[in-house]
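Colleague: Residue numbers (my numbering), protein chains in the order written: chain A, 73 to 418; chain B, 73 to 418.
Source of the hints: derived by calculation from the structure; they are not laboratory data. Keep in mind that the hints are not guaranteed to be accurate.
Pairs involving identical chains hold if they fit within one copy or between any two copies, as the list cannot separate such chains.
With a cut-off of at most 25 Å between alpha-carbon atoms, the simulated DSS-like pairs for lysine-lysine come out as follows [stated by the list, open to error]:
1. 98 <-> 352
2. 74 <-> 352
3. 352 <-> 279
4. 242 <-> 74
2 protein chains.
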Amino acid sequence: MKNYRLALIGFGNVNQGLAEILRDQKDFLAEAYGVSFTIVGVSALSKGSIYQPDGFRASELLEAVQRDGNLERVAAAQRGWDALALITNSNAEIVVEASYTDLQTGQPAISHVRRALESGKHVVTANKGPVALCYAELAELARQNSRLFGVEGTVMSGTPAILLGREVLKSARLRKVEGILNGTTNYILTNMELGVSYEDALAEAQKQGYAEADPTGDVEGFDAAGKAVILSQLLFDRAIGMVEVERTGISRLTLEDIQQAKQAGERWKLIASLEEKDGKLRARVSPIRLPLSHPLAGVSGATNAITYETQALGRVTLIGPGAGRQQTGFAMLTDLLSIHNAQSMR
Amino acid sequence: MKNYRLALIGFGNVNQGLAEILRDQKDFLAEAYGVSFTIVGVSALSKGSIYQPDGFRASELLEAVQRDGNLERVAAAQRGWDALALITNSNAEIVVEASYTDLQTGQPAISHVRRALESGKHVVTANKGPVALCYAELAELARQNSRLFGVEGTVMSGTPAILLGREVLKSARLRKVEGILNGTTNYILTNMELGVSYEDALAEAQKQGYAEADPTGDVEGFDAAGKAVILSQLLFDRAIGMVEVERTGISRLTLEDIQQAKQAGERWKLIASLEEKDGKLRARVSPIRLPLSHPLAGVSGATNAITYETQALGRVTLIGPGAGRQQTGFAMLTDLLSIHNAQSMR
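Construct the complete structure from the given sequences, taking the supplied hints into account.
Modeller: Now the structure itself:
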């Protein structure tokens, strides 16, 4: 049985989701993979920072947050370390980075990832910032330190879109990808097709917790563009910036547009696409009218999906959740198991 | 650069598809995976049997079949070996089994697989017979001989349904799978929705080469049931027989049934399903009326699809081709690369 020590940066939905999985699937992970994971430290801005070299039980961390809203009453050998101190000084072998996402600067996550790799620790993250803004540098740093940098959770949460496109379908020769990569806008468009106005659909998305108070990031396509930048890097090995993504949001789509498409047997979807042509990669986010026969046309609500166009197989489509606490926690688990796999083979 | 020697059993669509990929993707495979594959022998009932210890060029085999319809004019060190002789006597490290499928007896494919594993050769196959009828025995034989038995092509051709369900989503805890696993019947149902009668839709499927002259295997659900048996074994570790699959075909569906569903906002699909409940596995093939919101409802024509219901992620759906020469050839390549992967780690 191999055990790995984890340091969690941030303890919001993603890392609580991971902690729940580690609590509930302990026996399964031991039996099926011969592996266990021990959380030795947590550093979270609003919930406090604790470290215990021989580890916490996942359940006690979850119960504390449930009960107190923070980690202050959890017994620990060390308290108050900030993220960089925990990353540097702890005995963790893997850092699970889940601080907040900033697509402009990528901070503070970039510093966390850099420090972790430099201290010889593997990193797994669902944070789009570091991956969209400086994946190449961080991947090279990981390589130099013989460590892994897992990023499955940055696109479509735990739905294994990156693993499928990057590893499984690599030999099929990827030509193009098209995806519904933002659940909020797809939820809004699905509701508009039922006759709800853009404003009401957006308000409902906010009420359901899909959209933020300032919905710009979703409805103007920035979130989807960030994911296009990530996929450009991971699936096509091309480093592009956010500004290189042609971007149009859904805020100007009217109920009339939606109904016109419906009458023509088509459906508006906010599509992020990447296509290689004549040695160039075109990256684009924009609302597109898809015929109902297109595999992405039937994807409704907050669900995400991606269609890989390959030379060997033609179109292969993967549909699944694009967000959610346990779902993103599961993406972290996928990366943790990949690290375990790679270590077992050394 | 690692090279593997292949013996091909059968040289119909599947193995010709593989030969085309090996011819066209030689440089890519060398560069991306550091691997090459050499065909040292082919044994095919109608096209002849040839063996050359240092290998043939894939292109010369394809050109011969194109030109002569057989392999008789290809220069070879040895001719006329039957499949078992080629498997036993050749210097191949991997046997690519693509003889015809017999879901009743599994023969002659079962004998080929057995002999190959007993002679210390890896096996990859797209043949449903051996996998549906005696996977457990053959997998154990492979284990005893430290060889791999790759079966990706038996369900959904090169669309990586088995790899996704068995490896990638294993940690998400599979509860249920539902699939459109027979392209012929889905093609017929799609056409019936356009108003074509069952008889005419079947005739068109035969004309397009989807359905055989005797369509029983497809339309009565035997083909889909065979795939359910395979998935039962591969995804749920349960050996069940064909008779344990509750099976209803589509031949009794009328245009009226189809139209009634349409009016109710639903769609008939021939669904193969496997579900674990109270420790039991229920296997079923039958036409089901799906709401249009179901991820399988939008899958049209000869395309295949599978929905995995998991504890961690909820529903994840994979859509892709279910048949085709290059597509099934690609499934063989997927398994060949898995063997290469596993060998590289030893």
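Colleague: Determine for every hint whether it applies to the structure shown.
Modeller: Evaluated hints:
no.	hint	result
1	98 <-> 352	between (46 Å within a copy, 24 Å between copies)
2	74 <-> 352	neither (44 Å within a copy, 32 Å between copies)
3	352 <-> 279	neither (41 Å within a copy, 41 Å between copies)
4	242 <-> 74	between (30 Å within a copy, 19 Å between copies)
Violated hints for the displayed structure, listed by number in ascending order: 2 and 3.
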